[in-house]
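Chemist: With the hints in hand, could you dock these two chains into one complex?
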Amino acid sequence: MSERRLPQQLERVGRAIYRGVWVVLVDLFRVPDRPPTLPLAAGETCETFQPAPGFLRYLKFQFWLLLVLLGSAAVFTWAAILLAAPLAGLLLAVPAAVVLVGVALLAWLAIHLQFDTTWYVVTDRSLRIRRGIWVIHETTITFENVQNVTVHQGPLERFFGIANVRVDTAGGGGSAGQHKGVDAAGGHRGLIEGISHAQQVRDLILARMRRTRSAGLGDEREPHPAAGWNDRHLAVLREIRDLLAAG
Amino acid sequence: MPSYRLAGRLHTAGRAALQRESPPQCGFPWIAPCGLVAAQLGRDDMTTAESTSQATSFDPRQITRPVPALMKYYLIVSLLTGPGFFLLILPLFFKYETLRYRFDEEGISMSWGLLWRREVYLTYRRIQDIHLTRNLLQRWLGLATVSVQTASGSATPEMSIEGILEADALRDYLYTKMRGAREPAALAAEPAAAGGAAPDVPAPAANADQVLSLLCEIRDLLKQRLGQGGRA
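Chains as they are written, first to last, in this note's numbering: chain A, 1 to 247; chain B, 1 to 232.
Just chain B, with the same shape it has in the complex (with noise of 0.2 Å):
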């Protein structure tokens, strides 16, 4: 394996093989038909995946839908529980049908269920953390779950965001979107502005303090009548 950079310790061959350049081909004759299997079933899913987060900007005001997979992803989770697959597919098959997603400018909205309804909504700025996580199965097809916490009592997520192949986009989009992740100079300058008082105000700038200007104002045309009645 030439193409394989090796540290000098054991525990260090794990961050050689993080570091590569190159995506890896596989080492291994016996695995390439298992990982064949997999990209099989990713396929369609990843590539998609791929191209469109790296072709387009991401917007996510147009998901409304989970994909596809994510119906492929619930009916393996319903098999893997053997005897329990009759049981649990009937629910998630509607879930799967019902959910739809709103991503507007405030907020999200996530609504799902055929009988028992429910809709969540939450706006960006009172997401408190974001969890993105992704099982072997979910790695496999592509998928993700990206919880979103708001500081509720509770210590299950608020929204689970599931059937977007674009995860990583939309987890990064809800970041920016946080409190705190963005507008740093607007936070550094307040304490300083808040600090600093002169004794002769001059009047700010347009828009920028309407108290301030309108009793830079007021004390103008005060002076300008001071200054008349003196004189008259």
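Just chain A, same shape as in the assembly (with noise of 0.2 Å):
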């Protein structure tokens, strides 16, 4: 019976932790517990959305696949110090049990706290990502200014129904960044990551960036009130040639 209810009680102490580490992080240092917000217009929709569950599963299969390799690596260590020195064997197995079990769950906290601290918020004319524990990392973008997006999708993020799709502005980028487009220096670019609706989104932007007619490089929509000849002023100017034909 005790067999049975272990996985669940473990469970609950996870949970009780994870909501503990939570608090240490709000109140501590300072997490901001509510998602991100954008400035709307009247009548403008607004979605805020997380990664989809199944990139929380892809983190944590990375995960096991990783400890599995470590895992299997250290125990082969081991076994080659307990064959070579006996004493030293038995003296390193304890700690390096520790290190590696710490280690692991270390990991898997930041795995699930990657997971819930990172926000998008996608209006009809801009987004706002929001990544990050230590350094929070919030970026904002218009779709006006938007020159590609990219969605792309790895074996393995198709097998868990997750792609990323990632936005670029003008203006050029050195590696700083390029894969995680997290920090500062990464700038130009926002990265949409593991969402199930990638598709969606990608349309949404790219019905955005139709709609404008400017570059997406600070150039004015309007230049100027005589600028431009549109179809109604070649009607216009049809019927005075008309008229003067005419007459």
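Note that these hints are calculated values from the structure, not bench results.
A couple of the hints might just be wrong.
SDA-like cross-link-like pairs, simulated, lysine to any residue; straight-line CA separation at most 20 Å [to be verified]:
(1) B/Lys223 x A/Ala235
(2) B/Lys177 x A/Met209
(3) B/Lys177 x A/Thr212
(4) B/Lys223 x A/Ala245
Derived contacts from chain A toward chain B, CB cut-off under 8 Å, selection only [said to hold, decoys possible]:
(5) Arg5
(6) Leu6
(7) Ala41
(8) Ser126
(9) Glu138
(10) Thr140
(11) Phe143
(12) Glu144
(13) Asn145
(14) Ala170
(15) His188
(16) Val236
(17) Leu237
(18) Ala245
Please read these numbers as outputs of a predicted model, since none were measured by experiment.
Glycine is no exception: its CB is placed at the ideal position from the N, C-alpha and C atoms.
Modeler: The structure is reproduced here in structure tokens:
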């Protein structure tokens, strides 16, 4: 009976610890406990979301993969040491195991925190991305300034039903932040990572980009009242020509 | 801890913590002193930031100097580098002392430096993206870095505005001044107006399209003349 209840108890304890970590982060480390917002114009819709649950499974899969690799490497090393020097091997076993388990627990916690502190806000005209725990980074980009949208998905991500949407604005950028788009140096980029409705988000951004006729480089939308001819001007001009021709 | 709603699974616990209504009470007795220290550290700055952002509307044009908390931040940062303190503190001190901001109708100007002076100017409409970054120390002091990027070739931000307590308000102010953050009606109406070509174009309202109204005037004058000429 106690065997069956053990996982539940473990989960309860884990949840309590996680809740405690959150309290510490919010109270002591001033991690914001509310999702980010964007100033909205009248009638504007706003969607606030976090990575899909598949992203958490994806991160955990990577975690287990890495743990198995590192764990087996550690066990092999330990076995080799045990064969060479039995006493040293026995003495080393406990601290090595403690370190391995400690690192694994920290990584597990970090995965959950990464998942829970990532927020995406998408409105009709802009997006805001918040990321990070120690350094909290918020990026704001209007779709008017977006140069291109990339959706990318690896085989593992496809298995977990998630994809990443990368939004680039004009301007170069070195290799800094190319991997994650997190740090301040790697600007000109917004990465919406691990979402299940990547196609919809991409379509929304593309539709928004098509509605603007500027190049997204800071050029004015309405340059001068007397600039540019449209069909109405042409119609009046034709009328004038016809009047002159008739007269 | 009765004030916390708890969701079903482990990974949703953080979301529950995010969604709670009331500001959290410290759950652990041993944290209280540390929390107090953190509160003391940024007390004066944080309270002013909250009160000003709530009481009055934010006007960036009144910002000219960074707040004194920035010097505190620079001091702690240079202390954290250990022996690099003496190397770092002087430039940072002079940067703090000479840092000036000017927010006008069109853009931002930021200047600093004692021997090597630098002034950066950029217009709101050329802003490509805005980044708001807060590290742990900055959060304790109520500070933030608002990095503004234009379409230049560098990956580093063109302007990093430091030492502003109302960083969120400033960021949202910059956002509303940015291209594409305003005028949804004008943008939506534009393609429709270009598509519709009526054979008999009515004169548009004054000052909507000067070329069109001018052309309509010429047309009407011509009609008048031809009408008179025909009668005569």
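Chemist: Please check whether A/Val236 passes as an interface residue: C-beta within 8 Å of a C-beta belonging to chain B.
Modeler: Given a least distance of 4 Å, the restraint on A/Val236 holds.
Chemist: Under the criterion that the straight-line Cα-Cα distance not exceed 20 Å, is the pair B/Lys177, A/Met209 satisfied?
Modeler: This hinted pair holds, its Cα atoms lying about 18 Å apart.
Chemist: CA of B/Lys223 to CA of A/Ala245, is that 20 Å or under?
Modeler: With Cα atoms ~12 Å apart, B/Lys223 and A/Ala245 stay inside 20 Å; holds.
Chemist: So, as I understand it, the hint says A/Ala245 touches chain B; can you test that by seeing if any CB pair is closer than 8 Å?
Modeler: Check failed: Cβ of A/Ala245 comes no nearer than 11 Å to chain B, outside 8 Å.
Chemist: Against chain B, is A/Phe143 within 8 Å by beta-carbon distance?
Modeler: holds (6 Å)
Chemist: Minimum Cβ distance from A/Ala170 to chain B below 8 Å?
Modeler: Where the cut-off is 8 Å and the nearest Cβ of chain B is about 4 Å from A/Ala170, the hint holds.
Chemist: Regarding the pair B/Lys177 and A/Thr212, is the alpha-carbon distance no greater than 20 Å?
Modeler: With Cα atoms ~17 Å apart, B/Lys177 and A/Thr212 stay inside 20 Å; holds.
Chemist: Quick check on the hint: A/Asn145 CB to chain B CB, less than 8 Å?
Modeler: Hint on A/Asn145: holds, closest Cβ of chain B at ~5 Å, below 8 Å.
Chemist: Once the shortest beta carbon distance from A/Leu237 to chain B is found, is it less than 8 Å?
Modeler: Nearest chain B Cβ about 6 Å off; hint holds.
Chemist: Interface hint check: A/Glu138, Cβ to nearest Cβ on chain B, cutoff 8 Å. Holds or violated?
Modeler: With a minimum Cβ separation of about 4 Å from chain B (threshold 8 Å), the hint on A/Glu138 holds.
Chemist: So, as I understand it, the hint says A/Thr140 touches chain B; can you test that by seeing if any CB pair is closer than 8 Å?
Modeler: holds (4 Å)
Chemist: Min Cβ distance, A/Leu6 to chain B: is it shorter than 8 Å?
Modeler: Hint violated; A/Leu6 Cβ to chain B Cβ min 15 Å, cut 8 Å.
Hint check: violations occur at hints 5, 6 and 18; the rest are consistent with the structure.
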